[in-house]
Amino acid sequence: MSSPVLLNSAQSAAVEHERGPLLVLAGAGSGKTRVLTERVGRLLERRVAPDHVLAFTFTNRAAREMRERIERRVGQEAARRLWVGTFHGTGVRLLRRESRPHGVAGRGPDFVIYDREDQEGLLREVLKGMGLNEEAARPGEILGKISDAKSALVTPEEAMPVAMTPFQRRVSEAYAFYEAELRKRSAFDFDDLIAQVVWLFRARPEVAEYYARRFEHVLVDEYQDTNHAQFRIVEALGQGHDNVFVVGDDDQSIYRWRGADISNILEFERAFPGAAVIRLEQNYRSTGNILAAANAVIENNRERKGKRLWCEREAGASLRFVLAADESEEAQRVVQFIHERALAPGATGKLSQCAVLYRTHAQSRALETELRHRQIPYELVGGISFYQRREVKDLLAYLRLAVNPTDAAAFWRALNTPKRGLGDAVRARIEGRLQAGAPNPIEAMRAALQEGALSRGASAATALLALLDELHARAAEPADVLLRLVLERTGYLDWIAAEDERAAMERVGNIEELLEAAAAFAALAPEPGLANYLAEASLLTDADRVEEGADRVLLLTAHNAKGLEFDHVIVAGLEEGLFPHASSLEVPSELEEERRLFYVALTRARQQVLLTAAAFRHRYSAGGYGGAGGQVSRFVDEIPAELLEREEPIRSSRASENGDEYPESWAPRRERRGPRDWERGTVKDSWASAGPTTRSAAVGREVYHESFGRGIVMAAEGQGDTLRYTVRFGVRIKKVLARFLTEGSHVD
DNA sequence: TGCGTTGACCCTGGA
DNA sequence: GGTCAACGCA
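Heads up: the first sequence begins at 1 in my numbering, then just goes up one per residue.
Incorrect hints may appear among the rest.
[Unchecked claim] Computed Cβ-Cβ distance ranges for the label pairs, DEER-style:
id, residue 1, residue 2, range
1, Y704, Q388, 45 to 55 Å
2, A362, A317, 58 to 68 Å
3, E45, E499, 56 to 66 Å
4, A176, E117, 17 to 27 Å
5, G240, E120, 12 to 22 Å
6, D424, L266, 35 to 45 Å
The set of hints was computed from the structure by calculation and includes no laboratory data. Quick caveat, the model's predicted, so the values are computed rather than measured. In this text, a Cβ means the ideal position worked out from N, Cα and C, and glycines have one as well.
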């Protein structure tokens, strides 16, 4: 963090703030993390007991970093007693504590946490039970509604009477069944980890009072992205003392789609009367040019409090923009940029200080391919988190059952994973026993087995029961020991090896990593225990696992980049329909959220920004271009021309006919400063030989087709008779065998 | 009855 | 290219 050695006056005012509510409006790079940490340190110096301070961060990673910084300042013992965590993590902690004697919302302390996949499975069962086949096809949409309801603290009972349309009625009914089933399984979903805390506080005001008294100081980071339920938690905990210290930036609010409520920040002063407001507008992170560009872009938003970041740093390099022909060329240009910054002779940067940001995970593929091709180490953040991987979830399902035998999602998963001949028929029998009143699926299976109802599956079921019983009996042992027991008794490793040889290596690697993580947790966690381990596994995201210091390029979504900073930032895929995303184009408020996301992306950069777009982009598979082509994102045009160095092709209606490897119409304007290192061949040979493009020589050529007419070749695949071109005929994109095309185009 | 194969649909973002 | 439900084989 490139913070000043000393705090500036606004920062110091925030840190030294005596008591009462305080809203810190902190622009990007204005040192808000530092202020928050300093503030906590200052409170401890003022003799506030560490376990009377509660700080909410946005990610587990931010929580860890804050704790480490505070540890350096006040020592390990005090730092460990602080309550620092995400809303979800802290929610688990509170719910676990409070469920100890009597349970919370019908769940005991061994509740499990349902992730998206578990939720979907459960909802599918619910919808099937309701006889709703059509809805069952898209449980995601209904889960979204349920999630919205919980974020807004709407219970099923409250949702039912206000449901107007038939669809809404079905959704609220599904919500009620879903809720009942979760409770039966002693499970909470992600939204419950927040909402149930509020409902707990309402049902038992003495509990809320206890925590409000205990936490003399409540601090919240990234306040602009809190939802209504989170606001209620903060409000409840602030009762009586009002020492609520929140830090946020309305321009960086990028999670409204999942319920973040910007009125929390806009109306903070009304919610906490007498609140002081401090603005941090000096940016210490980015160069003048980057900041000016970001400011210019965000000023196009109407819905904002309005502030203008400034800095004392030099203007720095211009931002750069490259329009590539397609995503593979885009990837080449991105990697080339990284190469120049971090690898070429004389380059002063590090790979770890380069990050590629994009709008959707799907964009990572082309970048990965290119990075691998150039043998540049990278790390992909996001997509599937480690703990969501199939092999990891398969194994954890057994541990979940050891802790909580009512966890039906885990049971159905474990039942026939690895395959042991217990399929749909066995499942149906067990479901029958469950409906007849068996307390949980394990006991239902035991009953079915004893009644001889499992004929062919009997021996497999017996073995599975024995394993589950043993796991339950040994649930107090370290997670890695139990995982080894599962591996050994189920033959899981042999099964994945047989399943898919190609993926087996990676899966085994993941299992090894899981064993290591489980052992580390058992040994090091302040509150060990299987239930806590499983909670951590549910709440850790991929972004939390990013290690500091490793020398590699980071690939991540703009959402995931929140709170991070790098010397060199590349924002890829800047096309209308992608960034801003197509779904936002019709809705002004959503377009503004896209713009804020772009603003977040830009302000991650300290030194240099490269923006890229592709004129055409594959969608789905390698087959066919389904994507909207070619129109550069409006956000690029919102950057003042004098700040942006464009390497854009000179657009022409006709493609090049000159036989050059590179179609003139898409050719990047050559750098004026003479050849780059890689062009002189002084660096890796691969750079010199591959040139700016590896695409087929036919790409860019004009061709003619009997029925489709004139078109331009976008890509080629196959050879000889199977050589096929992807051709754009006007607005339509088709894949055509080369031999159906004419007009001097078949170069290869 | 379980399991492998086929074809539909698909990809915003994430705790 | 990947996932998942429906389908038909052993």
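- Task: Determine which of the earlier numbered hints do not hold for this structure and return their numbers in increasing order.
- Result: Structure breaks hints 2, 5, 6.
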